[in-house]
Amino acid sequence: MKLFKYILLFTIVSLMGCSDNFLNLEPTDKISANAIFATPDGVKAFMVNLYSQIPIEDFNSTQENGIRFNNIGGPNNAGFYPWVITDDGIGSQHQDLTWQKDGGDQFAWWTEGYALNRDVNLLLSVIPDLDVDQSVKDGLFGEAYFIRAYLYFGLAKRYGGVPLITEIANIADGTEVLNVPRSTEKETWDFVLKSCDEAASLLGDGDGTRRRANKWVALALKSRAALHAASIAKYWNRAPLSGAAVNANLVGLSDSDASEYYSQCISASELIMDSGLYSLYKATPSNPDEAAVNYKEMFEDPNRATVEAIFIKGFTLTGVDLGSNQDNWGNPAQTTGAWPHPGRFNPTLDLVDQYENYSNPGQSAPIVTTADGDVNNYNGYQPGRTYLEFENAYDIFDGKDARLRATVILPRTFWKGVDIIIQGGVIGLDGSIILENPGSVNVGGTEYYSYGASAPNLYSGFSTFGGNMTRTGFGFKKFLNESYVPILAWNQSTTDWIDFRLAEVYLNYAEAVVESGSGNTGKAATALNNIRKRAAHTSTISLTLENVLRERRVELAFENKRYWDLIRRREYHTEFDNRHRHALVPVFDTRVMKYIFIRKEATRTPTSTFVTQWYYKRIPGIATNGLIQNPQY
Amino acid sequence: MKKLINVYILLTLTVLVSSCGEIGDLDNFDGPDSKFFGSVIDAETGAFIPQELIEGSVIEYTELGFDNPQIQQLRFHTDGTFRNDLMFSGEYDVEAVRGNFFAPEKDTISINGDTEHIIRALPYLRIKDVNLVNDGTNIVATFKIDQIAAENVKTLSMIADLNPNVGKFLNIASTGVDINGAVNPDTVFTLQLSLNKFDLGKEYFFRVGALIDIPQAKYNYNVPIRFKVE
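The listed protein sequences correspond, in order, to chains D and E. When you line the first sequence up against our numbering, it's residues 834 to 1466, in that order. When you line the second sequence up against our numbering, it's residues 19 to 248, in that order.
Because the hints were derived from the structure by calculation, they are not lab data. Fair warning: there could be bad hints in the mix.
EDC-like, lysine to aspartate or glutamate: derived pairs with alpha carbons at most 20 Å apart [what the hints assert, rightly or not]:
| # | chain 1 | residue 1 | chain 2 | residue 2 |
| --- | --- | --- | --- | --- |
| 1 | E | K172 | D | E1408 |
| 2 | D | K1027 | D | D964 |
| 3 | E | K172 | D | E1404 |
| 4 | E | K246 | E | D231 |
These numbers were taken from a predicted model, which means no experiment stands behind them.
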C-alpha cells in the first residue's frame, strides 16, 4: 500500500504541475552569482570554468562531437578526429570526409559559444565592483577580453558574421532585444582583433607556466585570427557563394580587406618574435637523429618546451573531461596494451611525400618506388614495372626530414622497443603476389606472410582485423606517450596540448609577408629557415609561398591546423574534388628477399569531395532566432 | 496487487496527459494540398537540359507572407525535370540557382493544385554527338561541345556507374582533362576509361560533361548512355 500512497502523491503533485510559479525557487544546491563574485577566489574559480569552455581544438575536440566532447557526448568517437578528414590522415574504419554528420554540421559550436559569451559578459559586468586592486581588475578584464576574442574567433571561422553580444541580455527584455541580428563577417573579424588588442593592452608577461592568458597569448591569437581573415579576403573568389547572407555581407570578405588583415597579422607576430621571451625549443641540433628526438619530446610533454610554447592546455588527471584518448586510438596494433581498438589514425602518403629530403632542399620529396621514378602512378602493382628493392624497409626513407619519423611511425622502425611490422603483401618465387589479403608463401621451409607475421597481434598494417591496422602504411606518432601502455579504460592520456607555439607564429608571419608583399622579407625568411634548422637542415631556402605552405604543413602536422588552413585558403574544394588519399604498401619479394613498395590509392576508400557550402557551417535555430541562414542550408 | 498497481499507473498517466490538455491532439493546420513540378528546357532546341542529382542545379523557393521565411530547395532529376508533390498552396518566389544554364530572373508564382513550371533557358554548354566505342582496352567516348556562354571551358569529364543517375559524385570510374579555354563546335573531343575499372559483362551508364568557368556552375552533361562493357 505504500506504493499506492506514492502514486497518489505523485498524481497530486503532477496535477499541481500546471500552476505557474513552483519552478521559481531559489536552488539550495548551487551557489548564487552574488556569492561567487563576493571573493577573489570565487572569481578565480569562475575563471577556471571559462577557460575550460574556450574552443581550444585539442585531443578532445572533433568534427562530429564538438569541443570537450568526452564530457558532453561520451568519449567514443570511433577515433574520428579532425586530421582524418584532411589530406594528412585517414581513419582506419571511416574513410570519407563525413561520417555521421554532413560537412555543414561538422565542428558545430554555436550554443556553446553563446553560453560562454554570456559567462564572459557576466564576468565583465561584475569586475568593476570587486573588492580588489585595480591591477587585479585589469588582469581580469584582460583575460575576459582574451576569452571573448577566442570565442568569437571560434564562431567567425565557422559561421562568418555572427551576432556580437556584449551585454547580458535578460529574458524579460523580450524577443525584440534578445534577437540580435548578425553582424557582417568583416565587423565580426574586426571585433575579434579589437578584443585581442584590448586583452594584450591589459595583460602582462604571465607567470611562465603558459597556462593562463597573457599579453603574448592574446597577440598569438591575433596573429592566427588575422591570417585567417586575410586569407578569406584574398581567396574568397576561389569559391564564391551566393544568397541572402552573401548579399548582406554576413559571409564573405572583399579582396581589398586582405592587406589590412595581413598587416595586423604581421605586426602582432612581430611583437612576439621581437619580445625576446620565446625561442624555438632546442633550435640547433647537431644531426637529424637528435632533431627527431627533440621534436618528438616537445609534444610528448610540452612543459619541457615552455621556451617555445606560448599557451598550453594542461591535462593532469585521468577521467571524464579530464583525460583524453589519443594513446588509445593512435598506437599501432602491436603496442596497444589492453586497449582493443588501436591504429585508427593513419597518416597518408600525401603528407609523407611533403617532407623535404636533406639532399634536395626547398622541394617536397615524394617516395620513389620504381626505376622509372613515376610518383603519380597509383594503379597498384604492375609486374611490368621495375620496382626498387630495399634490404631494410626503412631505407626508402633515407635522407627525409627528421620530423617525418618524429611525426609518423615508419614501417619496420622501433616504437616502445617493438619492431613495428607494417607490410601489405608478399611475392612468391613464381612472381605471384598476395596483396592486401591474408596468405603466405613457403620458401625453403619458411613461411613468408603477406602481413609480415602470422597473427594480428604481431603486425600493424593492412589487414582488416578489427579496423586496427593502418591502411596507408604509416602509424601515428606525434603526441603519443612512448612510456604509457594503454589499459582497458577511457580518458587515460594526460599529455598536455600546445595551443600556440612560436613556430606557428613564425609561419603565420612568413605567410602574411609572402602573401601581402609587405613586411620584412629578410626576417620572414630567417623565421622560416630557423624552423627548418631545428629539424637539422643545414641549407637555406628562399621565401616563397610554396616553401612556406609546405613548411607549415610539415611542422604543424596533426596540430589541427590543416582543416582550417584548407578552409581559410579556400583550397578544400579543389584539393577534395573526387579525391583519393594514398598509401605506401611495403611488399616482401621472396625472389630477392628484399622489400619493394607500391604507391596506391588507400584501400577500401571511396573518393571524397568537399562541397563549397561547407566553407560556412549551418546556423541552428533560424526559425526562432530570426537570423539569416548561411548559403545553401 | 500487481494488477492494482497497473491500474493506478494507467490512471495516473491518464490524469497526467489529460490535465495539461491537448497533448494528444493533432494541430489544426491542413496538410500539403498542392503539387509543383516542371522541367528545365533548352530555349533553342526544346530538349531537356540534363542535370545532376547530387549537388546539381537547385530551385530555391520561398513562401511569401511570412516573416523571415526559410529558403527551401528543390533538386532536379537527372533528366532535367523536378517535382514536389507535398507543397502547400500559396504564393512563392521561385528561382533556379547555381546551375548549368542561364537562369531566368526570380519569378513569383502561385502554386495551387497541380502547378507546372517550365524553365526555358540556354545551357552554358551543349554536349553533342556522343559516341561510345569499346576498343578492347578502353571505353572511348567522342563528343563535340556547343559553347553558348562566353567564359572559358574549365574541364571535360567522363564518368560511369551502374546507377542511371551517374554524376560527379556518383560514379565508379571517372577521368577528366583541363581545357581552360574556348572550344570550337567542330572539335571532336576524346576521353577514355580503362576496361579494368569495370566488371565485364555488366551494363553501365556513361556520361561525358564539360564545366564552364562561372562561379558555382555545374557540369553540362549528355543524357546517360546505357552501354554494355564486354
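Checked hints:
| no. | hint | result |
| --- | --- | --- |
| 1 | E:K172 - D:E1408 | holds, 16 Å |
| 2 | D:K1027 - D:D964 | violated, 28 Å |
| 3 | E:K172 - D:E1404 | holds, 17 Å |
| 4 | E:K246 - E:D231 | violated, 33 Å |
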